[in-house]
Amino acid sequence: MSDDVPALLVADVGHRFGTRAALDDVSMRVERGTFTALLGPNGAGKTTLFSVITRLYNNQSGRVAIFGHGLDREPSRALARLGVVFQARTLDTDLTVEQNLLYHASLHGIPRRTGKARIGELLERVGLADRRGDKVRTLSGGQSRRIEIARSLVHRPDLLLLDEPTVGLDLESRAGIVAIVRALVREEGLSVLWATHIFEEIRPEDDAVVLHLGRIVARGTAGSIAQGGEGLEDAFRRLVAARGRQAA
Amino acid sequence: MTSTSRVVDLETKVQPRHGQLGRLDTVGYLICLGGIVRRELLRFFNQKERFFSALVRPLVWLFIFAAGFRNTLGVSIEPPYQTYVLYEVYVVPGLAVMIQLFNGMQSSLSMVYDREVGSMKVLLTSPYPRWMLLLAKLIAGVSVSIVQAYAFLAVAYFWETDFPPLGYLTALPAFLAAGLMLGAIGLFLSSLVRQLENFASVMNFVIFPMFFASSALYPLWRIRESSETLYWICECNPFTHAVQLVRFALYQQLEPLSCAVVVGTTLAFFAMAVIAYDPGRGLMARRGGPAGEAS
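Protein chains in written order, with my numbering: chain A, 9 to 256; chain B, 16 to 310.
FYI, nobody ran anything at the bench for these hints, they're computed from the structure.
These numbers come from a predicted model, not from an experiment.
Built from N, CA and C at the ideal position, the CB exists for glycine as well.
Watch out, some of these pointers could steer you wrong.
Claimed, not checked - Using C-beta positions, here's what the derived DEER-type ranges look like: (1) 138/A x 83/B: 35 to 41 Å; (2) 275/B x 191/A: 37 to 43 Å; (3) 175/B x 119/A: 43 to 49 Å; (4) 179/A x 65/B: 36 to 42 Å; (5) 84/B x 138/A: 34 to 40 Å; (6) 78/A x 177/B: 57 to 63 Å; (7) 187/B x 179/A: 52 to 58 Å; (8) 165/B x 148/A: 37 to 43 Å; (9) 179/A x 79/B: 58 to 64 Å; (10) 180/B x 80/A: 36 to 42 Å; (11) 132/A x 187/B: 53 to 59 Å.
Said to hold, decoys possible - Here are some of the chain A residues that sit facing chain B, going by a computed Cβ distance under 8 Å: (12) 62; (13) 97; (14) 106; (15) 107; (16) 110; (17) 111; (18) 140.
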């Protein structure tokens, strides 16, 4: 399989809930070893797109492939290479950090001994090695998020999906989480798709895709979208308003 | 092996940097199954009140209800009993399977909860086929219910309700089959219940009718004396057969009809649950999406 096969390929994907199109002909790529931002206001379709990519919803039309493995034909191989941090908190608060991570390791068929060693590495990376035996309910929101990132990496995925991972966190926790994920891209060549509507998390050189009302309204580097001296946030507002008028 | 999978294998070998750490074969699945069962047991033992309430409910029935009705509800000789038995002896198998009934529904409640808080998503993004994950979830719930049922039998042992010692062993596969059946029903129901709040109606419309319209508390010939229709409703109730399967197994006997009904019901409800949780055909996708993005 050649290197030009992207980490994630989404081609002409549509998804409807009843009569409402949550996704309409969406196509995008996440190149290997890059940080790609998926921008969109609330209700844009980001979570539905994530649900299709993670196979929680069937892709009713179009195609999704992870490192060339189509979700329709090779779902196991595709999901094995995918790590996900969902928008909602998904840790078991009654269990300890280690129990949560070992559970995830087992979901990927990782033996306990291998899992324990890997969990040690990951907790070091997210700076929470000393909380290994603590119950999740004793952690702060930012710490839980870092544990969720560690969990998503237990099986050594090549592509990481994060659905608004910093929502509801204070500035310091937010910066910490962005730094951890950017270090993973830089040092380990991880491919990342980061859904957000917080513009400070995106750098001009990042690939970005703007989704609104279920359609892609812009794509390119964040710098090229924020063209002509206007900031990314202003460009985003302009694009969203234009699409809103078209839809009306 | 197809050429595509050879390419994939080759690619995995030449790219060990991330590569996948787990394994997708049978051993991997058994690790997955073990992890899911372990989590369910950990959650169960962490919630001590759940353990005690699961135990208290049948014991109240045994110590109070059965003692009160001992003289009113005489039980005549019918298989598997070879002599007259005390009413307490008669109700113990039914109460043990009642634990499994509550547990099966509790497991389905926990799946509705898991779906609401998102941990169901974590389970379903595991690379194993969905039916395998649901089966693992089912087995995990049954493991908990068997622990509860035997804890109850251990207490009941001191209440003149002793069974042949070997019966405790021969009942194990029966408890496993009954638990799988009730768990499969719960699993299917969990795919239909959209919100946790709706679960109370499951209790009213599923648990109570199943329990009372069965042979758990009274032999069916007694029901037949009062109503032929009710008798046939009880005969068609799979819970009756789960109770009878366990009742006979506790006396080291196999009841073939009950066994067939329990196995058949398990397969039917499990198949429906797999369809309901399938992302392509299932009810999940049609039941609406994330807030703000669905209709």
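Outcome of the hint check:
At about 57 Å, the beta-carbon gap between residue 138/A and residue 83/B misses the expected band of 35 to 41 Å. Roughly 59 Å separates the CB atoms of residue 275/B and residue 191/A, a value that falls outside the hinted 37 to 43 Å. At roughly 48 Å, the beta-carbon separation of residue 175/B and residue 119/A lies within the given 43 to 49 Å, and the hint holds. For residue 179/A and residue 65/B, the hinted distance range of 36 to 42 Å is satisfied, since their beta carbons lie about 40 Å from each other.
In this structure the supplied range 34 to 40 Å is violated for residue 84/B paired with residue 138/A, their Cβ-Cβ distance being about 58 Å. One distance hint, 57 to 63 Å for the beta-carbon pair residue 78/A and residue 177/B, holds here, with the actual separation near 59 Å. Checked against the given bound of 52 to 58 Å, the beta carbons of residue 187/B and residue 179/A, roughly 57 Å apart, stay inside it. One distance hint, 37 to 43 Å for the beta-carbon pair residue 165/B and residue 148/A, holds here, with the actual separation near 41 Å.
For residue 179/A and residue 79/B, the hinted distance range of 58 to 64 Å is satisfied, since their beta carbons lie about 59 Å from each other. Taking 36 to 42 Å as the suggested C-beta distance range, the pair residue 180/B and residue 80/A does not conform, at roughly 54 Å. The hinted range of 53 to 59 Å is not satisfied by residue 132/A and residue 187/B, whose Cβ atoms lie roughly 44 Å apart. With 8 Å as the threshold, the beta carbon of residue 62/A comes within range of chain B, its nearest partner Cβ sitting at about 5 Å, so the hint holds.
A distance limit of 8 Å between C-beta atoms decides the matter here; for residue 97/A the minimum to chain B is near 7 Å, and the interface restraint holds. The interface hint given for residue 106/A is broken, as the beta carbon of that residue sits about 11 Å from the closest beta carbon of chain B, more than 8 Å. Hint on residue 107/A holds. Least Cβ distance to chain B is approximately 6 Å, under the 8 Å limit. For residue 110/A, the interface hint holds, the least distance from its beta-carbon to any beta-carbon of chain B being 7 Å, beneath 8 Å.
A distance limit of 8 Å between C-beta atoms decides the matter here; for residue 111/A the minimum to chain B is near 5 Å, and the interface restraint holds. Taken as an interface hint, residue 140/A does not check out: its beta carbon lies about 16 Å from the nearest beta carbon of chain B, beyond 8 Å.
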